[in-house]
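Residue numbers (the working numbering), protein chains in the order written: chain F, 6 to 605; chain E, 4 to 310; chain D, -10 to 295.
Derived from the structure by calculation, the hints contain no laboratory data. If you're wondering where the values come from, they're calculated on a predicted model, not measured in any experiment. Heads up, some of the hints might be wrong.
If the Cβ cut is set under 10 Å, some of the chain F residues that face chain E in the computed set are [what the hints assert, rightly or not]:
#, residue
1, N113
2, V119
3, A125
4, E447
5, D573
We put the beta carbon where it would ideally sit given N, CA and C, even for glycine.
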Amino acid sequence: MKKRIVATLLAVVMTTSMILSGCGGGGQSETASPAEEEAPAEEAAPESDAAEAADGEEASTDEAAAAPTVSHDEELTLEVYDVASNYQGLQSGWYGKILKDKFNIVLNIIAPQVSGDGEALYQTRTAAGNLGDIILLDNADMLECIDVGLVADMSAEIKSYPNLMRYWEQIEKFNAGIGDGIWAIPTEMNTNGPTAYMAETVSSMPRIPWDFYTELGRPDLNTLDDLIQVLVDMQAAHPTNEAGDKAYGITMWKDWDSTSIENVNQLTKWYGQEVNGSVLIGSDHSITPLTDKNGAYYKMLRFFFDANQSGIVDPDSATQDWTSANDKMKQKRTYLVWNNWMQGFTNSPEIGEKGANYMGMPIADMTVFQTSDYYYGSGRVFGIGSQVDDEKKARIMEFLDWLASPEGCTVQHVGDEGIIYTVNDDGTYTLTEDGYNRFTTEIMIPEELGGGNWTDGNNQVNQWIVQGYDTNPVNGESYVPDLWASYLEKNNTKTNKEWKEKYGAENEVEYLKSNGMMTPVPSINMSLAIDTTDIGLIRSQCKTIVCDASWKAIFAADEAGFEAIWDDMCSQLEGFGWNDLVAFDTEKYQPVIDARKAVK
Amino acid sequence: MSREIALKKRRHESFGDRMVSVVCYIVFGICALLCLYPFYYMFINTISANDLSSRGVILFWPQGVHWKNYSSALGIDGLFQAAKISLMRTVLGTFCTVSASAFLGFMFSQDKMWHRKVWYRLVIATMYFNAGIIPWFLVMKNMHLTNNFWGYILPMIVSPFHIVLTKTFVESVPKELQEAAEIDGAGILTIFFKVMIPVIKPIMATVAIFAAVNQWNAFQDTLLLVTDTKLYPLQFVLYQYLNQASSLSALANTSSSSSLAAAAATTQTATSIRMTITIIVVLPIMCVYPFFQKYFVKGIMVGAVKG
Amino acid sequence: MLSKIDKKKWYSIKLFLYVLPFLVLVLLFAYYPLYGWLYAFYDYRPPRPFSEAEFVGLKWFKSLVENPVKVSQLLQVLKNTFVMSGITLGTSWLPMIFAVFLNEIRCIPFRKFVQTVTTLPNFISWVLVYSLAFSLFNSTGMVNTLLLNLGLIKEPVLLLQSSEHVWLTQWLWLTWKNLGWAAIMYIAAISSIDDELFQAAKVDGATRMQMIRYITIPSLLPTFFVLLMMNIGNFLSNGMEQYYVFQNAFNKDYIQVLDLYVYNLAMGSGSYSVSVALSMLKSVVSVILLICANSISKMTRGESFL
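If we strip away everything but chain F, and leave its shape as in the complex, we get (with noise of 0.2 Å):
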């Protein structure tokens, strides 16, 4: 009896999933069809060298037809499928404002970095064949949204918006490699040359609070184990900070970590390799397996258990994430971090004055990895939906020339006119005193500029097409304010005087690049193979062995524990076919190597 009725459930389980499949793959082939009839031709693009785009610039230029003027009588509410985005709904305040009265668009964002399942949002909205009406996504995404037909062909518009045509070379480069077309516009492009690197620090290098240094007579560095004494010194003279709250010489956290410990891949910069995937990618264009007991990853692995030794690492670092490290570095309670970025927890002209800055020190064996600027696109691009109609086409093709624009730029690089900066007799711009604190204090915003908040109303969509280091063309600056000559001027404090006079060069870079100890590899923008399935599946194995084994490496009990565990972990990762992996992470950053070479 029973026997029978779980057939029953069974059979008609098994039935209607037939039956119903067969109709599923009917919708399948629905989507599917598009994708054939807009299959770009299979075509090997010639290689445009810089003299010929700049020759096609000027030609389009001149025939360019002027852009289709649009109406804005009706509001339009654009779907933004938006990966780079920290925010979903509709972009609201002072950006939010501007774009609704200049073109009369509302901008609704979907991002599917904070839907908790990105992965998901984007496997259905692609099955279902409709992504959104302007489409932010990974190159490697881009083209396979392309190829089955998700992507709008803008070739027959692009020529008439002279904003866009600034960057014509590359867009063009970049969609040479898809086939006929214009398919997709880079992002954070700009005019400065492919090898130009316009900042004033680097992206990773140790990073010391300068008084303490100070304070322990600003002993030279000449390896990692000096700097290892540095910091058990300081954190022997200042076992807490000022509120009394436990100090230490590194703090690290663990929900950053990829395919290996991201505290560590930050570190391998240091000794010229950034570590992509399973391999290690070094300054001179040389690609090594993680696994290299020479290589980088190795080495700062053993700088961080060397560390541990010595009693200056976080005994929570393997368990704390991000926001308590980040409390920690606010509260000058970690003595060592490596981002540029981290300085702007660590800094500020006040702290800068007394001479408490972190500043970068460079050690004496360093090569540091740095690539230059983007210069040909940072690896997400812009495209259009397919589904849309061509009066709407029309009007997102309007707001992208406006987002590539000297004014839209500012607008996203900066902020408002008069509340963010201010304009100089001599054409530049200087930031107001609520500028300085835009990132830092909350900037409330007149209502009738869009009311809210600053950082709220800001640009949700994240992400530029032109990057900022870029000069506008108004004033012969950068975009951003950290190059402007009035932000350099207030960011001269005791503490920059003071490293200058240390090390004879204006910064860290200049020091850097003058020493021999850096030269910036050529970045390039360029769409990498996607893992197949069983690649997908040997990295998100492979991942964990790596992460957990460098944990408990960081943290081994001795010498013999630290080889043990590491050699534990590649005896692992053989069984998982890390082996095939490295092959094929080989294989896919070796256009970048040749492209790098190229360059020079």
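Assemble the complex: chain F is given as a structure, and chains E and D must be docked to it using the hints.
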């Protein structure tokens, strides 16, 4: 009268009975404390000066009391609309689920139903199935339930877990009750509405609590089905703030502009704001429980039949 | 005579027709999407359409056990799953006992207070539970400070990083979060017990423990067993959120349950098929377990719940 009996009882309580009482009070007191303290801890941290709470020194009482966390959390755009949607889906969704569970729980206890067991098993088995999101999404889309308020309600109506609970309860009701009504010539619907519902109120209240909390807390369906911001529920609007810290890791590798990266890093949500949001979301739904508790009353059963 | 049978038949059909609309909903929302299980046998990676997906047969199922290293990892994962589920099943009487004794509290305001307050943890998301746990148990947190000041320990204990007693501590967290909430069902069930039984027992001079043992608990057993059955069906599903937030390199070996393993595996691999394959496998196992549990119940207790 009953109080008199109770008083008499107390005088006659044995030593063992009193020990039971004492132990109960102590154990439950500790339980309550363990459950209440973390919540209290969250609350005092949300109203204390943010720099003190991030240092972790606020443990027993608030210091530097301020309500800025609440005012800024309540100032989030579209919060009112989101609260309205949450309220609507909770009320409507709970009503539908409770009615359907009560009805189906009752119906599935009717031995006379044609192939009752097959249908019952068919429903129960769905509790353990997961077809995957893509086919589910396509089904919802084909039925025009994307960007549609009913997409929140319809899939939740038949809820196997609640049906099982209700059916178990219905089966504990003495059969005489239904038989008596049948002899009086009542139809099945009359029996359900007139005889059964008054008796199964406690389990309906339980289902209501569960269903209401489910509806209130749901945001996964919004994530996949809805892009119309007018249909975002409260949980969804606030949930993103709990999620932001994890999305920062991507930043570590972007070196483009230090100030911009730092800016993005500072937009991440402080723990105190996350706690504030939790409290704001939890408080309204907390009121549901005491409200339904009054249906947990005893003594309507066999007496009613015999009388 | 015939008409009587017809009438009976018609009545039974009528009862069925009443539930039919609901069955349609079930078919539509739960059974129709099951065609998606087909994807498990393909290499389907959106946005590539399904028509382009390659048929791979049982590859994803096999890949779980394709070499000894993976097998040993999977065995450890299954062990964790069995232990965690075992502990949970073994202690599933706790909410019932909780409800029973709560009912013994005569002071109504206190009872209602405890009832309400113990459901509070259920509303705190696991992410936040972890940040609470971290702020209380970190090396300078309240618990360590207290213990250090009392001189009970010499060095801070890193409870969250400990690889000892992982199963126990995880169970404690889970119980803390769920106990009061799960008790609601029993509290409701208690209210359905006929008061006359208690009155009669009191007249016979029964103590409170006797009343609990011979009246309250037997009346709650049907609910208890039904919930037990359903939990057995969920034996492989511990959920992953709790373990995800509490996992770290040091406790991973003991904390990685099947759901977390699947999440760690499928997340970021970009393949939709793998996760479908694994969830399909789990569905099948669940249904089999459910059927087994039901037969056992039929044999031992003489009644089935299905």
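Here's how the hints hold up against the structure:
1. Checking N113 of chain F against chain E: minimum C-beta separation of about 6 Å stays under 10 Å; hint holds.
2. Because the smallest distance between the Cβ of V119 of chain F and any Cβ of chain E comes to about 4 Å, under 10 Å, the interface hint for this residue holds.
3. Interface hint at A125 of chain F: satisfied, since its Cβ lies 5 Å from the closest Cβ of chain E, which is below the 10 Å cut-off.
4. The beta carbon of E447 of chain F is positioned within 10 Å of a beta carbon in chain E (closest approach about 8 Å), and the interface hint is therefore held.
5. Taken as an interface hint, D573 of chain F does not check out: its beta carbon lies about 27 Å from the nearest beta carbon of chain E, beyond 10 Å.
Consistency note: the structure conflicts with earlier hint 5 alone.
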